[in-house]
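**Student:** Produce the complete structure using the sequences and hints provided.
Line order of the protein sequences matches chains A and B.
Converting from the first sequence to the working numbering requires adding 124 to each position, the first position being numbered 1.
Converting from the second sequence to the working numbering requires adding 4 to each position, the first position being numbered 1.
If you're looking for bench data, these hints aren't it; they were derived computationally from the structure.
Everything numeric in this text was worked out from a predicted model, so none of it was measured.
A virtual CB, placed ideally from N, CA and C, is assigned to each residue, including glycine.
Incorrect hints may appear among the rest.
[What the hints assert, rightly or not] Covered by chain B, according to a simulated footprint, are these stretches of chain A (three or more residues, beta-carbon under 8 Å): (1) 153–166; (2) 216–227; (3) 233–239; (4) 360–370.
Residue-level listing of the chains:
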Amino acid sequence: MDFATTGQTLVQLSYLAAAFLFIVGLKRMSSPVTAVSGVRWAGVGMVLATLVTLVFMHASTLNLILVVAAIAAGGLLAWVSGKRVAMTDMPQMIALYNGMGGGAAGAIAAVELYSGNEQSLTHLGVAAVGGFIGSVSFSGSLIAFAKLQGLITKSVRFSGQKLFNLAILLVTLGLGVAVVAGVYTGPLAVSLFFAFALLLGIAMTLPIGGADMPVVISLYNALTGLAVGFEGFVLDNAAMIIAGTVVGAAGTLLTQLMAKAMNRSLANVLFANFGESSSAGAASVTGTQKAIEASDAGVMLAFSQKVIVVPGYGMAVAQAQHKVWELCQLLIEHGVQVRFAIHPVAGRMPGHMNVLLAEAGVPYDLIADLDEINAEFDTADVALIIGANDVVNPDARTNKSSPIYGMPILSADKAKNVIVVKRGQGQGFSGIDNALFVLDQTRMLYGDAQSAVGQLIQAVKAAG
Amino acid sequence: MIDGVIALYIFMLAAFTGYEVISRVPVILHTPLMSGSNFIHGIVLVGAMVALAGADTTLVRVIGFVGVFLAAGNAMGGYVATERMLQMFVAAGKKKGKN
Chain A
125 MDFATTGQTL VQLSYLAAAF LFIVGLKRMS SPVTAVSGVR WAGVGMVLAT LVTLVFMHAS
185 TLNLILVVAA IAAGGLLAWV SGKRVAMTDM PQMIALYNGM GGGAAGAIAA VELYSGNEQS
245 LTHLGVAAVG GFIGSVSFSG SLIAFAKLQG LITKSVRFSG QKLFNLAILL VTLGLGVAVV
305 AGVYTGPLAV SLFFAFALLL GIAMTLPIGG ADMPVVISLY NALTGLAVGF EGFVLDNAAM
365 IIAGTVVGAA GTLLTQLMAK AMNRSLANVL FANFGESSSA GAASVTGTQK AIEASDAGVM
425 LAFSQKVIVV PGYGMAVAQA QHKVWELCQL LIEHGVQVRF AIHPVAGRMP GHMNVLLAEA
485 GVPYDLIADL DEINAEFDTA DVALIIGAND VVNPDARTNK SSPIYGMPIL SADKAKNVIV
545 VKRGQGQGFS GIDNALFVLD QTRMLYGDAQ SAVGQLIQAV KAAG
Chain B
5 MIDGVIALYI FMLAAFTGYE VISRVPVILH TPLMSGSNFI HGIVLVGAMV ALAGADTTLV
65 RVIGFVGVFL AAGNAMGGYV ATERMLQMFV AAGKKKGKN
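**Tutor:** Written out as structure tokens, the structure reads:
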């Protein structure tokens, strides 16, 4: 066997090993105990496949230098940003890194289509489909990133938007078919195809509200996986086909789970603009919010038997998870039974709140999910809502005209007392009034979560 | 050479595998898991490398370079983000043991 054949065999074996390690890694991520080892196994697979590819690929010196430079630049940038980003900003970083993967799949397709080396119709077609999906995922993820990062604050909506988007989709598909079939070829045709695909990703994502963004990011994650799988077929690369398809399937499942937790169908998220119908439901909340001083709230907490904390995105934004845990430790010393109630979509993604609480050092056994905790609110003296809103809105249970009607919620309204830590009297992420805030047993503690919880800590200490 | 039908078999089996492996993951790990699966499709890097390695015009070189750059960002960023998040679960778990 000559060097080249041996090399190709080694490359194939390294891809086999990588695919194996990815699947084992994903499986190990299914338990908190083995999860870190899971991502490390997958990491070993990635390094192995990359190194073996680098050693055995046929490249001119210039191209080899470019490859190494691009890996160094992209890797370094992502490493620094990934290390520095705050846990609260993780969802948009995932969107960003995912978009990069989609862009890379798009770039592979672009290389195939521009170079014109590819002759087989099947390969050209699959390359174009993968390039289309990858490009949509790329530009769409960047918009999702910009929205969560606060760079784009408005959801752009206009009448006839769906028709406009449909038109872009049809033009993109038409161009794609023309390029693949050889009817309309050349660099300009290929460029137009990619330009329209990128435009579609932007146009699709702009009208979607911030609250629905996790579902969208998850969808783009699945789409990138699919695009990678398709490009893997074009390049005869089994590792890409397997890894891409596994992620495509897993991402689709995850997207469904998230949409289900929010009581929204995927079609609803993508095509019906959230909040459009909310004005009808919003009018139904009558009554006034009653304020409370931190000192009184502190006394109430200190002399409770049982407190259930409901953390939401407001807590995450204020970086108050450490303070909240400090407060809870203090309460536990006072003999108060403390539990954390986590809604499936608390934070911005399922599990995001668990990550934030884990960061603050809250033990798992104090954390309960929706099904577990809902029966316990009856026995709680205080439900302490910190920066959560829609997930505790009883309208979801009772008010049929509310846009969130039917969404499973935490039954905080069943607690004897409710203290809501909230920045102001405004509405939540979805722009819906909250019926919980005007109940008789509810008191509002206005302020940034960080400082408000700080005041509560002082008040509990003062209460002895 | 992976021909059409074999590719379809691989697609099918990989899709089942992805679905089955993920369906057993608890909700608390969903965000790290999304990040982890995001890391795994970073394998697009090897494809981008091969595409750039074969580049023979400036246009294709530029696109290939951008592709490798983006793919490396996907893989590295995905790894760092996932590991950082999962590390926290380990820390929280240990603390629980001590208390």
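**Student:** Please flag the earlier hints that this structure goes against, numbers listed from lowest up.
**Tutor:** Nothing - there is no hint that the structure violates, so all of them hold.
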